[in-house]
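*Asks:* Turn these sequences into a full structure, and let the hints guide you.
Chains as they are written, first to last, in my numbering: chain A, 1042 to 1364; chain B, 1042 to 1364.
If you are wondering where the hints come from, they were derived from the structure by calculation, not from laboratory data. Given the structure is predicted, the values throughout are model-derived calculations rather than measurements. Do not take every clue at face value.
One copy or two, it doesn't matter: identical chains are merged, so the pair holds either way.
Stated by the list, open to error - Listed next, the in silico DSBU-like pairs over lysine-lysine satisfying Cα-Cα at most 30 Å (straight line):
| no. | residue 1 | residue 2 |
| --- | --- | --- |
| 1 | Lys1106 | Lys1342 |
| 2 | Lys1299 | Lys1106 |
| 3 | Lys1342 | Lys1083 |
| 4 | Lys1299 | Lys1342 |
| 5 | Lys1083 | Lys1106 |
| 6 | Lys1299 | Lys1083 |
2 protein chains.
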Amino acid sequence: MTLTERILQGDRLALARLLSELEDQSTQGAETLGDLYPHTGKAHLIGITGAPGTGKSTLVNRLVKRFRSNTPLNSSPAPSVAVIAVDPSSPFSGGAILGDRIRMRDLAGDAGVFIRSMASRGKLGGLASTTGAFTMAFDAAGFDLVLIETVGAGQAEVDIASSAHTTVVIDAPGLGDDVQANKAGILEIADIMVVNKFDLPGAERALRTLEMAMHLAQPGPSTLPAGWEIPVLATVATTGEGIDNLAQAIMNHRRFLKESGGWGAREQIRVETQLRQDLASFLLGDFMDRLVEGRFDTLVKAVVDRQLAPLAALEALLRDGDQ
Amino acid sequence: MTLTERILQGDRLALARLLSELEDQSTQGAETLGDLYPHTGKAHLIGITGAPGTGKSTLVNRLVKRFRSNTPLNSSPAPSVAVIAVDPSSPFSGGAILGDRIRMRDLAGDAGVFIRSMASRGKLGGLASTTGAFTMAFDAAGFDLVLIETVGAGQAEVDIASSAHTTVVIDAPGLGDDVQANKAGILEIADIMVVNKFDLPGAERALRTLEMAMHLAQPGPSTLPAGWEIPVLATVATTGEGIDNLAQAIMNHRRFLKESGGWGAREQIRVETQLRQDLASFLLGDFMDRLVEGRFDTLVKAVVDRQLAPLAALEALLRDGDQ
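*Replies:* Given below as structure tokens:
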């Protein structure tokens, strides 16, 4: 049986192998993903993002347990759940692996759950690209929900999280004024807002501030289509308080997207962004391969020595490429 | 007099105009920057990064005041200081402008200080590119120190901060386990570590944890050359405690880089990264311009409809480009 067939039949070892191939950016990984592609498009992609200190990982664990519990949210049976934990600031991460083990133990023995951490390899773009590939793999393997958890509130993480169908942004009381300053940007990607650690002092105020900011905010480009009112929810992940409401809000947003046509619109943005990134990455690699050996380094040295401006170096490179 | 000449003579209005041109990515901005380029290479670029809630902005303000004070750190006179405050999660930011005003008032009337906030325009890469251009402009305008302050701990911010000569990473007690998990990655870019808010409970422990992690950490690619021992400093930015030590550590690192050859090595990495990004961005734009109208959208739709795998769409685009 091929790797593709095994994955489609729910073979977890085969899936794990594909994920490794994708992380290594192997040719077999890319080919398998291509074969699997017609079987994708069913999973609900849920981005969960928030600054460090918001209790994001605990919340995600609680949420997974809620989705997997015997009490269904709708009339349907419990959905299977894959979690991609993106930790971009840990390039050679021992941290991610340790985190994985702790989580694995917590949710062990449930065949409907698959958790995979991912640390950054290389530079900008690589992480988003691998996250996209992982998402497709889980989708094809039949997981109903794919949770993409990103640490931090930087542009790369925001991009990754906002490529999902549903984006949940987590806040917590007492994180200082930086977080306040970030609100404007965060509101533009949030479909659901959560104030976690609601048992801490200042929680009520954090909630009201967010609700007010929500009313003042201009709707951003990703909030299409109109008609969704962004809920601001209170949770205490450590006790499980409010998790039911959050799980329900995610399911409500799914139904809204399906009924309003937003599901397809978001998919299109995701495909477009990914194709553009892959194209840029290919064009750069191809261009560099065709350059005369040492040419790039010579130009870099000339720029470092102030003999050439960066733009002049770029133009020189492009003239070379034309020949 | 040309804009270039005015900037070289220290005309602040001319500098402000160039920054706006660079943010708008205008042709005149790019040309002026090219003319200014031979006059760059003197400034000490200092990246300051840390998660929200670490008190970064207050610390940067204190640091600027310390550098500008009448008590010199070395025998030299007080250096002039430019600050670039990068706030990537605020795409349509009113926040950045408000922050600017508060800071301006605080450091008003000092001609040796220039503060400029920058919000994200567009997608990945643009921010790093504009930050690089701003840095060059301040360098050419004769600022001795350029502080690049980034919010968050995501990949993009890490990339921006670590493109400096000296990277200061700020931590604070009580930010939760996410921050702990991020330590591994952060250590690889830090030249100087700071535990701010040292008056809070748990500060001593945070300091010791960092010191221990430092001993366990593998040196990352950017820690070249060998011989620098990363100091872990305690500060209370609100009172100014420890700021002297931090300013001194930054100056020590500068001397170390100059003496060890690390100064040039870091410059080369920065130029290389920037040239590669600019090249990728140009190649993509050029490729898209030469495509038949509507071709990209058609392929995107085929991928969304699962008639074509993303890789097959990429190959189809590349075949088009060859013709």
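*Asks:* Determine for every hint whether it applies to the structure shown.
*Replies:* Going through the hints against the structure:
When the C-alpha separation of Lys1106 and Lys1342 is checked against a cutoff of 30 Å, the pair qualifies neither within a copy, at 55 Å, nor between copies, at 36 Å. In this assembly of identical chains, the alpha carbons of Lys1299 and Lys1106 lie at most 30 Å apart only when taken from the same copy (25 Å versus 55 Å across copies). Taking identical chains as interchangeable, the C-alpha atoms of Lys1342 and Lys1083 lie at most 30 Å apart only when they sit on different chains, with a minimum of 17 Å there against 50 Å within one chain. In this assembly of identical chains, the alpha carbons of Lys1299 and Lys1342 lie at most 30 Å apart only when taken from different copies (18 Å versus 54 Å within one copy).
Proximity of Lys1083 to Lys1106 under the C-alpha cut-off of 30 Å is restricted to the intra-copy arrangement: shortest distance 21 Å within a copy versus 56 Å between copies. Within a single copy, Lys1299 and Lys1083 get their C-alpha atoms as close as 12 Å, which meets the 30 Å cut-off; across copies the closest is 57 Å, which misses it.
Checked against the numbered hints above, the structure violates only hint 1.
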